[in-house]
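Listed here are the chains, written in short residue letters.
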Amino acid sequence: DTEVTQTPKHLVMGMTNKKSLKCEQHMGHRAMYWYKQKAKKPPELMFVYSYEKLSINESVPSRFSPECPNSSLLNLHLHALQPEDSALYLCASTSGSTYEQYFGPGTRLTVT
Amino acid sequence: GEDVEQSLFLSVREGDSSVINCTYTDSSSTYLYWYKQEPGAGLQLLTYIFSNMDMKQDQRLTVLLNKKDKHLSLRIADTQTGDSAIYFCAVNTGFQKLVFGTGTRLLVSP
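For the protein sequence lines, the chains are L and F, in the order given. In terms of my numbering, the first sequence opens at residue 90 and continues consecutively. In terms of my numbering, the second sequence opens at residue 53 and continues consecutively.
Worth flagging that the hints you see were computed from the coordinates, not collected in a lab. Every residue, glycine too, gets a C-beta built ideally from N, C-alpha and C. Hints may be right or wrong, so weigh each one.
[Claimed, not checked] In silico DSS-like links for lysine-lysine, alpha-carbon gap of 25 Å or less:
{"hint": "1", "chain 1": "L", "residue 1": "K111", "chain 2": "F", "residue 2": "K88"}
{"hint": "2", "chain 1": "L", "residue 1": "K142", "chain 2": "L", "residue 2": "K107"}
{"hint": "3", "chain 1": "F", "residue 1": "K120", "chain 2": "L", "residue 2": "K127"}
{"hint": "4", "chain 1": "L", "residue 1": "K98", "chain 2": "L", "residue 2": "K130"}
{"hint": "5", "chain 1": "F", "residue 1": "K120", "chain 2": "L", "residue 2": "K125"}
{"hint": "6", "chain 1": "F", "residue 1": "K120", "chain 2": "L", "residue 2": "K129"}
{"hint": "7", "chain 1": "L", "residue 1": "K142", "chain 2": "L", "residue 2": "K130"}
{"hint": "8", "chain 1": "F", "residue 1": "K88", "chain 2": "L", "residue 2": "K98"}
{"hint": "9", "chain 1": "F", "residue 1": "K149", "chain 2": "F", "residue 2": "K88"}
{"hint": "10", "chain 1": "F", "residue 1": "K122", "chain 2": "L", "residue 2": "K130"}
{"hint": "11", "chain 1": "F", "residue 1": "K88", "chain 2": "L", "residue 2": "K130"}
{"hint": "12", "chain 1": "F", "residue 1": "K119", "chain 2": "F", "residue 2": "K88"}
{"hint": "13", "chain 1": "L", "residue 1": "K127", "chain 2": "F", "residue 2": "K119"}
{"hint": "14", "chain 1": "F", "residue 1": "K149", "chain 2": "L", "residue 2": "K130"}
{"hint": "15", "chain 1": "F", "residue 1": "K120", "chain 2": "F", "residue 2": "K108"}
{"hint": "16", "chain 1": "F", "residue 1": "K108", "chain 2": "L", "residue 2": "K125"}
{"hint": "17", "chain 1": "F", "residue 1": "K88", "chain 2": "L", "residue 2": "K142"}
{"hint": "18", "chain 1": "L", "residue 1": "K127", "chain 2": "L", "residue 2": "K107"}
{"hint": "19", "chain 1": "F", "residue 1": "K108", "chain 2": "L", "residue 2": "K127"}
{"hint": "20", "chain 1": "F", "residue 1": "K108", "chain 2": "F", "residue 2": "K88"}
{"hint": "21", "chain 1": "L", "residue 1": "K111", "chain 2": "F", "residue 2": "K122"}
{"hint": "22", "chain 1": "F", "residue 1": "K149", "chain 2": "F", "residue 2": "K122"}
[Unchecked claim] Calculated Cβ distances over 10 Å to all of chain F for the following chain L residues:
{"hint": "23", "residue": "M104"}
{"hint": "24", "residue": "P132"}
{"hint": "25", "residue": "S144"}
{"hint": "26", "residue": "L179"}
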């Protein structure tokens, strides 16, 4: 089983709203990732959690706040977003042996 | 930092072979990957190759790696309309990070 799940599938939020994206994997992977992807572009790394600790923050604005409550779950808390934050947000996890990453289906976020 | 480049677009007829190319700059990369992304979906891992290999075959997919020229290719045999998608190569630059190529849009016509 190489499944990563993400909820919600779609999200529309205003610039003053607070919302959260959720990601779950049950493959026993110990590293989990958040990426942002704009149309027709490759994914851009945002955050990496390794063994439930934040190990990489790619200088992401503080209006994005990641959380890793346990080894299977990863959240991304959103607050005071801008319209340019509208994108597909992808979660991934890796086994760590050959470092291949498995991606979820993504959350399509629209900020109005 | 690592730079990974791909051609933007490839158009083939159903039943033909497709070859998608990728060049990278960091010769210390250990693993190289191919991902497929259909519209509105996440990335699907197709295959990967270790840097000490020069070829890997997996059913219709053949990966060739020329480490000297830092060139990676993905050949899809007997291409089908369901293969139409964007294909990304990715290079491992350290145990936690991948650098993705610019993506190649493959269009397969009947």
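How the hints compare with the structure:
no., hint, in the structure
1, K111/L - K88/F, "23 Å, holds"
2, K142/L - K107/L, "23 Å, holds"
3, K120/F - K127/L, "33 Å, violated"
4, K98/L - K130/L, "20 Å, holds"
5, K120/F - K125/L, "32 Å, violated"
6, K120/F - K129/L, "30 Å, violated"
7, K142/L - K130/L, "28 Å, violated"
8, K88/F - K98/L, "19 Å, holds"
9, K149/F - K88/F, "18 Å, holds"
10, K122/F - K130/L, "22 Å, holds"
11, K88/F - K130/L, "13 Å, holds"
12, K119/F - K88/F, "23 Å, holds"
13, K127/L - K119/F, "31 Å, violated"
14, K149/F - K130/L, "17 Å, holds"
15, K120/F - K108/F, "17 Å, holds"
16, K108/F - K125/L, "30 Å, violated"
17, K88/F - K142/L, "29 Å, violated"
18, K127/L - K107/L, "21 Å, holds"
19, K108/F - K127/L, "31 Å, violated"
20, K108/F - K88/F, "17 Å, holds"
21, K111/L - K122/F, "37 Å, violated"
22, K149/F - K122/F, "19 Å, holds"
23, M104, "24 Å, holds"
24, P132, "6 Å, violated"
25, S144, "6 Å, violated"
26, L179, "6 Å, violated"
Comparing the model with each numbered hint stated earlier shows that hints 3, 5, 6, 7, 13, 16, 17, 19, 21, 24, 25 and 26 do not hold.
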